[in-house]
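Can you make the complete structure from the sequences, with help from the hints?
Protein chains: 2
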Amino acid sequence: MPPKSPLAPASFPVMPRIAGVRLAAGACGVRYKDRTDVLLVELAPGTTVAGVLTKSLTASAPVEWCRARLGVGRGRALVVNSGNANAFTGKSGDRATMATASAVGKLVGCTKREIFLASTGVIGEPLPAERIVAGIGEVHAHLTDAAWPAAAAAIMTTDTFPKGASRTARIGNATVSINGIAKGSGMIAPDMATMLAFVFTDAKLPATVLRRLLKDGADRSFNSITVDSDTSTSDTLLLFATGKGPAHPRIAAPGDARLRDFKAKLDEVLLDLALQVVRDGEGAQKLIRISVTGAASQAAARRIGLAIANSPLVKTAIAGEDANWGRIVMAVGKAGEKANRDRMRIRMGGITIASRGERVRNFDEAPVAEHMKGREIDVEVDVGVGRAGAVVWTCDLTHGYIDINADYRS
Amino acid sequence: MPPKSPLAPASFPVMPRIAGVRLAAGACGVRYKDRTDVLLVELAPGTTVAGVLTKSLTASAPVEWCRARLGVGRGRALVVNSGNANAFTGKSGDRATMATASAVGKLVGCTKREIFLASTGVIGEPLPAERIVAGIGEVHAHLTDAAWPAAAAAIMTTDTFPKGASRTARIGNATVSINGIAKGSGMIAPDMATMLAFVFTDAKLPATVLRRLLKDGADRSFNSITVDSDTSTSDTLLLFATGKGPAHPRIAAPGDARLRDFKAKLDEVLLDLALQVVRDGEGAQKLIRISVTGAASQAAARRIGLAIANSPLVKTAIAGEDANWGRIVMAVGKAGEKANRDRMRIRMGGITIASRGERVRNFDEAPVAEHMKGREIDVEVDVGVGRAGAVVWTCDLTHGYIDINADYRS
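Chains as they are written, first to last, in the numbering used here: chain A, 1 to 410; chain B, 1001 to 1410.
No lab work stands behind these hints: they were computed from the structure.
There may be inaccurate statements among the hints.
Straight-line C-alpha distance at most 30 angstroms; calculated BS3-like pairs for lysine-lysine [said to hold, decoys possible]:
(1) Lys1263/B / Lys1244/B
(2) Lys91/A / Lys106/A
(3) Lys215/A / Lys1338/B
(4) Lys1033/B / Lys373/A
(5) Lys55/A / Lys1055/B
(6) Lys338/A / Lys1244/B
Here you go:
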């Protein structure tokens, strides 16, 4: 296993109990030996749910399972396994989701249509669901309201640290809680750039409201990050609301002003988790923030940002601590969005390197070179055609990425 | 300098003289020490020219220079420098092209509008054109009709071997010759995926005919290769016809049946050069051929092929000699083109791994694993929705790519 990413947070956050949420992790031997690989989350009756799923046309069986369940917006349990993605597994993949959901439905006492599933790991190998079915009773027997670190650890694949985030939020006079866990470190790109992320709150919110909040938040977080431009077949982001927290005013519409603080805190949890995914980008040594301004539209700005963020030449230059801004120009040029070569401005580490389409006169590279040695690299590009902007995040491309991915299955 | 690519051809090809073409390489010290870095090609009066140039919106000054000259379709000289791309150099870039073209026009005895220019190397640094101007007289004094290997060597940057290709073709009863040279090993992707490539023939063909032949040939060669998905600001492919070869029937239209053999041989030269570029992909250890069939259209097939070819996860898996076909499924899924997950078929090394959306029963990985150890990897994907196909080529993504690109400027 590779060492912990140098960009990892100092520690796993303190995560409070969420009323109506009980968790347990177990070792079912899906693929890995000597580690937990199945997470079971039981949710109180009445829990609402919304999701954002991969747009991949070769989505996994559990993704299709969730897609079919999200219309109703009710969930009583979540089962996640690591080690095998149950993707491109044909009919056996559908049988595996069915078997898992049936087994968990019996334990929890609900229909299988209220069970949500996610799988992550190798694609194209049949998922041995019988191992999950055989072990899930034992996992269920250990449900507690405190197992957040264990939950985050059980869903890891090539992750080098477990990912969690937590906030509290005010709705009216009540204080509700929001906890999230995530996994992901490669095959990360919009849309949607998740990997797996699961967020839970004790607020009482209808599924229609959750859907809007989650979609907006995902665009500014998981859909604004990229590690390697590869979109997983398994990307799943789910938000569950148990309604078992302190009583708060009834909320019927996502535009309700009393939701403002909750929205802000949910966005913080989503962005926190998304940036932890980038910080754990396979082989990542540096977190790169790319701010694009002066674009024709927000969508154009994001596409230009992602063209820069996904460029292997930009990412390797930054890995080499080289302020090779010429490659940023190249990436802007290939994005296919309007940009004015002769009005472009590029800043790195807050220092203007080029403006009006050429390097600034008497440019002193020393302070930029110093910035490039740091762990967090800041790139600003103004493309000189409009007033819209966007921010995207990525990491550098290093030998570590090759090490991890040239030998993942063995 | 990295060692010669293991995928390099055994030797530089024998290239005949092309009547009306004289070449010389010189060392003008643009950036490199102790090597040639400027190529001058003088073309006989009456030479016609066509070109395909990068679609980058941040194209280099010499690309814009060529774009403005191609309408007339006449060329008397070509000047290429390595070491500096003269891209994103603002007004100083335009002054540099003007100065170079003027100096060469005087030597050759033509207007500067008949001079074609190309530059390759670092982006964003002012091109010291005065060094080219100072040295070009000396280069001109050494023009010969035999300097093809030296020409191919002078335009190299991170290339590990010089690239040349040559064919003869029949037009009527006459045998004409076609010689091409190219450079490129990183920042290679459609459109258009060139790097620099220059092709010369002694046939007598109007510029309108050259344009059509070159565009068609480029789509099946340079626009079907990718090394790292990055499109250069400098991609330039030029085709010159001197008309000084053996007399042949007059050709007025690209559809003329008497052009059939010439077209085929031109396509061979273009594909030969394009594949040499992939074989010299930065850090490449394996040449990967990806054939996509069963697609809704040829364009869709090519986009799916390029999604596979550009996937860092596919490329690193192949670098690790791992037949990780799950990542191919992932790449098909993210291409955004129609594909039927449950009718897909994947073959590697001619062996069917998956069909009808899942791994074949009793799949024996041993012969595929053997294929993966070779230098040339063959991937076939049928996406199960239509009858169109396309072939693209790429190379694997290795530690060598990181080594080269994390430290290019220093």
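Open item on the list: Lys215/A and Lys1338/B were given as a pair; does the straight-line alpha-carbon distance stay at or below 30 angstroms?
Closed with: Holds, at about 25 angstroms.
Task: Lys1263/B paired with Lys1244/B [C-alpha distance capped at 30 angstroms] - done: 19 angstroms, holds
Open item on the list: Check whether the Cα positions of Lys338/A and Lys1244/B lie no farther apart than 30 angstroms.
Closed with: Violated, because 44 angstroms separates the two Cα atoms, which is more than 30 angstroms.
Open item on the list: Next pair to validate is Lys1033/B with Lys373/A; report whether the Cα-Cα distance is within 30 angstroms.
Closed with: The given pair, whose Cα atoms are some 29 angstroms apart, holds under the 30 angstroms limit.
TODO: Would you mind confirming whether the straight-line C-alpha gap from Lys55/A to Lys1055/B stays at or under 30 angstroms?
DONE: 28 angstroms, holds
Task: Proposed proximity, Lys106/A with Lys91/A (alpha carbon, max 30 angstroms) - done: Judged against 30 angstroms, a Cα distance of about 23 angstroms means the pair holds.
Going through the hint list in order, the structure does not satisfy hint 6, though it satisfies all others.
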